[in-house]
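Here are the chains, one letter per residue:
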Amino acid sequence: MQYCTKCVYPAASAVKLFFDENGVCSGCSVNAEKSNINWDERFKMLKEIVEVYRSKDGSNYDCIIPVSGGKDSHYQTYYMTKKLGLKPLLVTYHGNNYLDVGEENLKNMRNVFDADHLIFGPSVDVLKKLNRICFKLMGDMNWQNHAGIFSTPVQMAVKFNIPLIIWGEHGRLDLGGQFSLDDLVEMTAKDILEHDKRGYDWDSMTDVGLKKLGRPELAEGLTAKDLFCFKYPDMEDIAKVGVRGIFLGNYIEWDANKQTDFIINDFGFKISPEPFERTYRRMSNLDDMHENGIHDYLKFIKWGYGRASDHASKDIRLGIMTREEGIEKVKKHDHIKSKDLYRWLKYVDMTEEEFDRVCNTFRDPKVWWQDEDGNWIKDNIWDDVETQKQKDEQHKASLEK
Amino acid sequence: MLKKRLIACLLLMDGQLVESIGFSKFLVIGNAIMAVRHFNAWEVDELVLLDINRKQNYDFGRDDVNYNNKIKELSELIRYISKSCFIPLTVGGGIRSVEDIHKYINAGADKVSINTAALDNLEIIREGSKMFGSQCIVVSIDAKKQPDGTHHVMKNFGTEDTGIDVVDWAKKVEEAGAGELFLTSVDQDGSYKGYDIYLVSSVANAVEIPVIASGGVGEWEHLVEGIKKGGASAVSVGNKFHFTEHSTMHAKKYMRERGIDLR
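Protein chains in written order, with our numbering: chain A, 1 to 401; chain B, 402 to 664.
These are calculated hints, taken from the structure and not from any lab test.
Among the hints, erroneous ones may be present.
Residues from chain B that keep clear of chain A, each with C-beta distances beyond 12 Å, as calculated [said to hold, decoys possible]: (1) ARG406; (2) ASP464; (3) SER498; (4) ASP511; (5) GLU524; (6) GLY534; (7) ASN640.
Residues from chain B shown here face chain A by an in silico Cβ test under 8 Å; the list is partial [stated by the list, open to error]: (8) GLY423; (9) ASN432; (10) MET435; (11) ALA436; (12) GLU576; (13) SER602; (14) HIS647.
Okay, derived cross-link-like pairs now, PhoX-like style, lysine-lysine, Cα gap no bigger than 20 Å in a straight line [to be verified]: (15) B:LYS456 - A:LYS366; (16) A:LYS6 - B:LYS426; (17) A:LYS366 - B:LYS473; (18) A:LYS34 - B:LYS404; (19) A:LYS6 - A:LYS212; (20) A:LYS212 - B:LYS484; (21) A:LYS44 - A:LYS6; (22) A:LYS331 - A:LYS258; (23) B:LYS654 - A:LYS240; (24) B:LYS471 - A:LYS366; (25) B:LYS545 - B:LYS504; (26) A:LYS82 - A:LYS258.
Only a predicted model underlies this, so the values are computations on that prediction, with no experimental measurement involved.
Beta carbons: idealized from backbone N, C-alpha and C, even for Gly.
Please construct the entire structure, taking both the sequences and the accompanying hints into account.
Right, dumping it as structure tokens:
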């Protein structure tokens, strides 16, 4: 396995990386652009965009901010209300698995910011069904959350006729360098369908949709009526309203750690009182108790790395962690099968045996192989040269088999 | 007067769609099928698909997705995407022989784009245009500005200077039977500063066949310049169409509003 020479990402990363001649990944190279960007100029560009969309006659909201209640949501809303003087409508897709502290943060938003807040909660029965279907179909029990987060606010933009949507960072740009910061990439139906929804559309999980996918055995009786909130609006509706989603991360120098300190001190944001098993950060993913847990464990099952690699790579790029420290975090957290699993199994009525069996169908043979005793093996970023050589040979032999 | 065309250029590396910055830095945008489906719906006139693979390293496309992310062979990819492509599709990359042309056309390409093979032996253009017709043969030229203001034809993904003057080369391939030229400025590629207008106009003025301007679009105004100032018959955009919603529709609207008669 090739690892980035600067951060801790493996080539098998969920966001496909490009490595330069020095073995530095595209995520690092895009983050390194930050120091060469004229951020004053970017701020001017942001102001110009915002002025176009500000409701001049006061008849409507100025923009929509999709919020989970997390650290980025708080910072986006701070920036739009206090720095730019906008009246946003906050829109939340509520996936029903909030941590208590996450729920508290969500409620905090309309207390500390002058903003109305619309919270959209899909039927819990439908959510449970989607958890089961998506876990078995693609090894991700949280697919519906990605679909909802990127569809519900866009629907509201159309319904309320509010064209401008303010997102935080473009996640894949930051993690893997999917785009350059000079691209000023915006929200598109194409990017969302391909990457956030992974090519599955809103109606893929209906009985009819699953039949079309060749997986009728996963059907749970869902119909189109159950899944409206996962539907990205039609091209015509987007065009009619002129919906435009921009990413704040393209216009301001994003630093999650500094921003979090700021919103804790000034706006009462709370980090998790408990440490997570699968990462060392306590400020991220508080809107879903499984996002840092077994949802992320599936990433380890698929590609052999997890949230600690994500967070360490971010912190290495921000200059607050060395690569060696990052590797220690990876070693400690990435492989953990976290305890939230038992809550999830109860939530969706599944046994641990079935969970493990389904998990193993998603192991990427480019990453994993089995030894003679049936143990799953992968190479590790901390393996010494000799071990790596031995493992390479074992892996090759198993691939040939 | 023929109608002008707007072209989306899709660059492929390791089977994945990439954005190219100065022919040297690449970022992986995703799978070609999604771009093909959306750009078709977004009213672009033609698609050009160029495989710029160097290492043949197809590993690690995630496969927990509802599209084929594991295709390792260009003709297989052409077959896959051409089912969703209802506009002319030009394919280039690694074409070395008339058999290769045949293979790609068979897989679903409407035209092929030839670069290195033509520089190695012009015979492929003569034979190809005889067999498949000139309209099927696009010659792709990567040009680099020289200190004296002229441009040289570059080889090997823009890294090797052939010393050949671009205008001389354009005339030569036209004579050999090329139906169209896909002209990329190595200097402007990924710069978002606009086409090299001098390059476009010097080639467009020297040949009768259509010239497609490529490399450097950052504003829709650059498309208008490529046609009005450069004299291009068609304008191509690589990176920028991936960045905004309904990008190609907005680009066409902008061009039409400035009096360009588009297809």
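Cross-check of the supplied hints:
The beta carbon of ARG406 of chain B is kept farther than 12 Å from every beta carbon of chain A, the shortest such distance being approximately 21 Å. Not every CB of chain A is more than 12 Å from the CB of ASP464 of chain B (nearest about 7 Å), against its label as outside the interface. Separation of SER498 of chain B from chain A is adequate, the least Cβ-Cβ distance of about 30 Å exceeding the 12 Å criterion. Chain A leaves ASP511 of chain B outside its interface by the beta-carbon criterion, the shortest separation being 23 Å against a cut-off of 12 Å.
Against the 12 Å criterion, GLU524 of chain B stays outside the reach of chain A, whose nearest CB is about 35 Å from its own CB. For GLY534 of chain B, the requirement that its beta carbon stay farther than 12 Å from each beta carbon of chain A is met, with the minimum near 33 Å. A cut-off of 12 Å between C-beta atoms contradicts the statement that ASN640 of chain B is not in contact with chain A; the least separation is 7 Å. Interface hint status for GLY423 of chain B: violated, as the beta-carbon distance to the closest one in chain A is roughly 11 Å, over 8 Å.
The beta carbon of ASN432 of chain B is positioned within 8 Å of a beta carbon in chain A (closest approach about 6 Å), and the interface hint is therefore held. Using the Cβ-Cβ criterion of 8 Å, the hint placing MET435 of chain B at the interface with chain A is satisfied: the shortest such distance is roughly 4 Å. With a cut of 8 Å, the hint placing ALA436 of chain B at the interface with chain A holds, because the nearest CB-to-CB distance is about 7 Å. The beta carbon of GLU576 of chain B comes no nearer than 39 Å to any beta carbon in chain A, farther than 8 Å, and the hint placing it at the interface is violated.
At its closest, the beta carbon of SER602 of chain B sits 27 Å from a beta carbon of chain A; the interface hint therefore is violated under the 8 Å criterion. With 8 Å as the threshold, the beta carbon of HIS647 of chain B comes within range of chain A, its nearest partner Cβ sitting at about 6 Å, so the hint holds. Pair hint LYS456 of chain B plus LYS366 of chain A holds up; C-alpha atoms about 18 Å apart against a cutoff of 20 Å. With a C-alpha separation of about 17 Å, the suggested pairing of LYS6 of chain A with LYS426 of chain B holds against the 20 Å cut-off.
Restraint check for LYS366 of chain A and LYS473 of chain B: satisfied, since their Cα atoms lie roughly 15 Å apart, inside the 20 Å limit. Restraint check: the Cα-Cα separation between LYS34 of chain A and LYS404 of chain B comes to about 42 Å, which exceeds 20 Å; the hinted pair is violated. Proximity of LYS6 of chain A to LYS212 of chain A is assessed by CA-CA distance (about 44 Å); at most 20 Å being required, the pair is judged violated. With a C-alpha separation of about 18 Å, the suggested pair LYS212 of chain A and LYS484 of chain B falls inside the 20 Å cut-off, and the hint holds.
Taken as a hint, the LYS44 of chain A and LYS6 of chain A pair is broken in the structure, with Cα atoms around 32 Å apart against an allowance of 20 Å. Proximity of LYS331 of chain A to LYS258 of chain A is assessed by CA-CA distance (about 26 Å); at most 20 Å being required, the pair is judged violated. At most 20 Å may separate the alpha-carbon atoms for a hinted pair to count; LYS654 of chain B and LYS240 of chain A meet this at roughly 15 Å. Taken as a hint, the LYS471 of chain B and LYS366 of chain A pair is honoured in the structure, with Cα atoms around 12 Å apart against an allowance of 20 Å.
Under the criterion of a C-alpha separation no larger than 20 Å, the hint pairing LYS545 of chain B with LYS504 of chain B is inconsistent with the structure, at around 31 Å. In summary, the hint linking LYS82 of chain A to LYS258 of chain A is supported, as the alpha carbons are separated by about 17 Å, within the 20 Å threshold.
Hint violations for this structure: numbers 2, 7, 8, 12, 13, 18, 19, 21, 22 and 25, all remaining hints satisfied.
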